[in-house]
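Asker: Given next are the chains, with one letter for each unit.
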Amino acid sequence: MTVRIVIDGKEISVEKGTMLLGAARAAGIDIPALCHHDALPPYGACRLCLVEISSGSRSRITTACNYPVLREGESVSTGSERVTRARRVVMELLLARCPGSKPVQELARRIGAQGGRFPPPAPSRLAPSEPALTDCVLCGLCVRACEEAIGASAISFSDRGPNRRVASPFFVNTEACTGCGACAAVCPTGVIRLEDAQGMRRLPFLAIEVAMVRCARCGAPFGPGPQVQRLQSEVPAVAETMAICPECRRRETGIRLARESARHAGATR
Amino acid sequence: MKAIRSLDDLERARKKGLRSCFPDTTRIMVGMATCGIASGAAEVYKALQAAIRETHVEARLSMTGCIGICQEEPLVDVLQPGAPRITYRRMTAQKAVQLVSGLAKGTLDSRESIFGRIDAEDFVVDGTVRRYFEGELPAAYASALPYREQDFYRKQLRIAMRHCGFIDPGSIEEYIGHGGYFALHKALATMSPEAVIGEIERSGLRGRGGAGYPTGRKWRSCREAAGERRFVIANADEGDPGAYMDRSILESDPHSVIEGMIIGAWAVGAHEGFIYVRAEYPLAITNFSRAISQAEAAGLLGRDILGSGFDFSIRLSRGGGAFVCGESSALLASIEGRIGEPRAKHVHATESGLWDCPTTINNVETWADVPAIVSRGAGWFSAVGTEKSKGTKVFSLVGKVTNTGLVEVPMGISLREIVFDIGGGIANGRKLKAVQTGGPSGGCIPETLIDLPVDYEKLSEVGSMMGSGGMIVMDDRTCMVDVARYFVDFLIEESCGKCTPCREGLQQMHAILARITQGSAVDGDLQTLQELAEVVRDTAMCGLGTSAPNPVLTTLRYFRAEYEAHIRDKRCPAGVCKELIRYSIDAQACTGCLLCLKKCPSGAVSGERKKPHAIDASKCIKCGVCSEVCRFGAVVVA
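Residue numbers (our numbering), protein chains in the order written: chain C, 1 to 269; chain Z, 1 to 638.
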């Protein structure tokens with residue numbers, strides 16, 4: 001069943017229950033968001049995707065990412081005065097937290113928020129220079145990707161309120177991490193980085209390191225061990241292929257293809 | 001206890017309960033809710049026990065709950081056949097021994113220990129009154145002032161707290177003796193779930209936990225939601241500083257909540273219930289757990305309740321000390337075993353709550369009201385209150401007021417009546433400045449609005465809220481900027497940190513408030529504070545965040561001049577903010593008694609006997625001890 005709504009004067013028709021953020025983006029209307037990823041259920045934490053929804057004479061501010069379109073005829077404004085002010089203040093708060101973060105600065109510029117009004121926060125149990133405070137916006141994408149998409153639950157939030165941070169259990173290396181790097185892939189600020197060196201994959205922000213598996217042919221480290229093992233056990237068909245590094249796999253495939261095409265050419269001549 | 005299967009069984013249990021409540025011998029009851037125990041009731045109980053044994057006086061000793069006037073605890077009640085019930089206040093072990101030896105000799109204890117007397121008991125659920133004695137009042141008791149004639153009790157009306165302080169919370173028989181579980185029988189035997197919901201809807205009962213959502217409507221939407229499995233939950237995660245309504249009901253009358261929950265479960269079609277109690281309420285947990293076991297043993301919980309074929313059970317879940325878990329979606333997450341964080345909800349718990357099943361969550365006080373409504377009818381309940389707020393509400397009246405304690409009042413009573421009539425006015429002859437209602441995220445209502453009728457709408461119109469019923473009275477020595485800072489500080493500690501406005505916004509609000517109280521605020525800070533508070537209110541994810549700016553917004557609205565004095569004149573008019581005040585001694589008033597000099601922890605006071613003292617500002621740490629100990633009002637704070 002479809003529902004018709006109006007976003008910024010544009011009438012659109014969407015499947016009932018579609019989240020507003022997705023509906024707007026599909027219609028080419030951009031709404032900024034930090035904690036949203038299409039591969040994950042909505043979370044509603046960053047509060048940047050604010051919109052004003054009017055129905056009759058009543059209007060209210062809400063987040064678009066987790067607002068299901070259910071009622072016919074609702075009118076949505078993504079840039080009303082109320083929305084713009086609220087979004088700007090929320091962005092200012094994030095900017096005060098992460099003044100040096102390039103992606104945060106970039107988003108602030110897009111939204112039209114300037115820094116300077118609020119000082120850096122000073123939580124009681126986080127050091128002022130801690131990357132968890134200065135580079136992380138606590139969008140939770142990494143935590144949710146790890147738990148909901150990968151099923152590893154290697155990282156989570158620790159502490160609460162101003163001291164909230166993303167961490168591995170007890171802030172030490174954890175065997176639950178498969179080294180897949182999904183957390184780094186979804187991180188909007190880039191504070192989670194993968195460093196592959198000397199046969200190890202390191203995630204410095206999370207104090208996690210995982211041994212890389214070595215190629216059965218050339219012996220070079222090529223992928224995080226636990227993730228490779230998991231793929232091998234879950235998809236036995238690729239177990240053998242997964243033991244070889246992409247480089248050797250490509251070479252072997254090339255050689256095989258060349259041989260086959262030579263044989264094919266010989267057969268047709 | 002034998003299982004109760006029918007109305008006859010229930011009647012038999014009632015008779016037994018009445019014999020327990022009103023024995024042929026003297027009955028002595030000690031108020032043993034947390035308020036009593038904190039004041040030493042356990043020692044009093046032990047002393048009474050020993051004294052009764054030694055004197056061989058014929059008396060039955062038992063515990064009871066909180067009767068409301070907590071500041072007079074420990075309270076001991078004596079009920080003798082054919083005589084009114086006498087309440088003794090501020091009891092000690094020594095006084096307890098005297099009391100028992102007086103009883104042995106047949107005399108009343110000294111008059112100053114008597115708080116008051118009760119001549120008759122209201123049985124609220126069946127609407128009867130039980131007089132303690134027939135005919136004339138025995139002359140010996142005439143000097144004890146009846147509760148009904150006392151300021152603290154005159155304007156109170158007890159529905160939710162109907163049994164608190166009257167029954168032994170450890171005795172299911174005494175609860176049944178007072179008409180308990182008859183409403184359950186009425187609902188199961190004579191009313192359809194639809195009829196129960198209709199009755200609750202017509203009663204006008206609204207959620208007592210804060211938001212005031214119509215209870216009947218909530219039940220209906222839960223009943224109508226699709227799903228096989230359904231839940232009812234009692235929210236007992238009471239965490240507002242200074243508020244203890246729910247604790248008292250759970251400790252003093254746990255069965256009223258259980259009965260309400262069973263009726264609610266019948267109405268919405270749930271077979272499983274939870275009570276979520278904060279772990280810091282050990283006595284409430286003990287009393288409620290015992291009550292669950294008793295109700296199970298009596299066949300009032302479990303399979304085929306009262307022979308109706310209806311099954312329902314209750315489990316108890318302990319909260320781990322997070323204030324935010326009182327918020328319904330965080331509470332659900334916590335019961336499910338996940339981190340107690342709110343989730344954004346555009347779908348109500350009544351449709352998708354605990355483990356995504358339709359769930360009805362009501363506050364303890366709401367549940368306690370239910371049996372009385374089912375028993376007496378919607379019309380009886382809705383006769384009390386205002387147009388949109390029916391019935392009564394329990395408040396914990398605390399702060400700078402003469403009488404502190406738990407009060408249950410009809411909706412629509414004015415703040416003035418609560419503070420000045422029931423509360424006895426402002427303590428120590430000071431002046432009223434504001435009343436803070438609704439807990440840490442409520443608002444401060446100024447003295448000029450003291451005639452405001454207390455109901456859901458009126459409180460939110462002035463920027464505050466009903467909340468769960470905290471009521472803090474503030475006098476003219478309270479700095480409203482400091483109050484706002486205090487509450488914001490509390491909420492920063494209790495924020496889960498999930499959404500940006502609550503986590504970051506409260507910290508920034510606190511930083512501005514701290515600057516103001518320290519005298520380092522600048523022009524523009526007030527506008528920033530106002531804008532920030534409004535944005536946090538409009539954009540935070542859950543009720544904690546959206547209501548957190550209330551203390552700031554209401555104090556800005558009603559006490560702006562006080563903010564401006566801090567900023568512009570670097571002055572704290574109430575004499576509270578340390579950075580902005582100075583202590584000095586009025587040489588005219590000072591008698592040179594040396595007391596402040598001796599008490600000063602930093603050696604800042606100098607002077608000789610019988611000569612005016614002086615305070616060295618460079619040594620003064622502004623602790624205020626000199627001002628507290630001075631008997632001549634010679635310490636000046638400016």
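Wrong hints could be hidden among the right ones.
Stretch by stretch, here's where chain Z covers chain C in the computed footprint (C-beta under 8 Å, at least three residues) [claimed, not checked]:
no.	segment
1	99–111
2	119–126
Here are some chain Z residues pointing at chain C (derived, C-beta under 7 Å) [to be verified]:
no.	residue
3	ALA279
4	LEU283
5	ALA344
6	THR500
7	GLN508
8	THR539
Mimicking EDC-like on lysine to aspartate or glutamate, the simulated pairs with C-alpha atoms at most 20 Å apart in a straight line are [said to hold, decoys possible]:
no.	chain 1	residue 1	chain 2	residue 2
9	Z	LYS345	C	GLU74
10	Z	LYS186	Z	ASP8
11	Z	LYS345	C	ASP8
Quick caveat, the hints were computed from the structure, so don't treat them as lab data.
Glycine residues also receive a C-beta, built at the ideal position from the N, C-alpha and C atoms.
Asker: Check each numbered hint from earlier against the structure, then list the numbers of those it violates in ascending order.
Answerer: Checked against the structure, the hints that fail are numbers 1, 3, 4 and 11, while the rest are satisfied.
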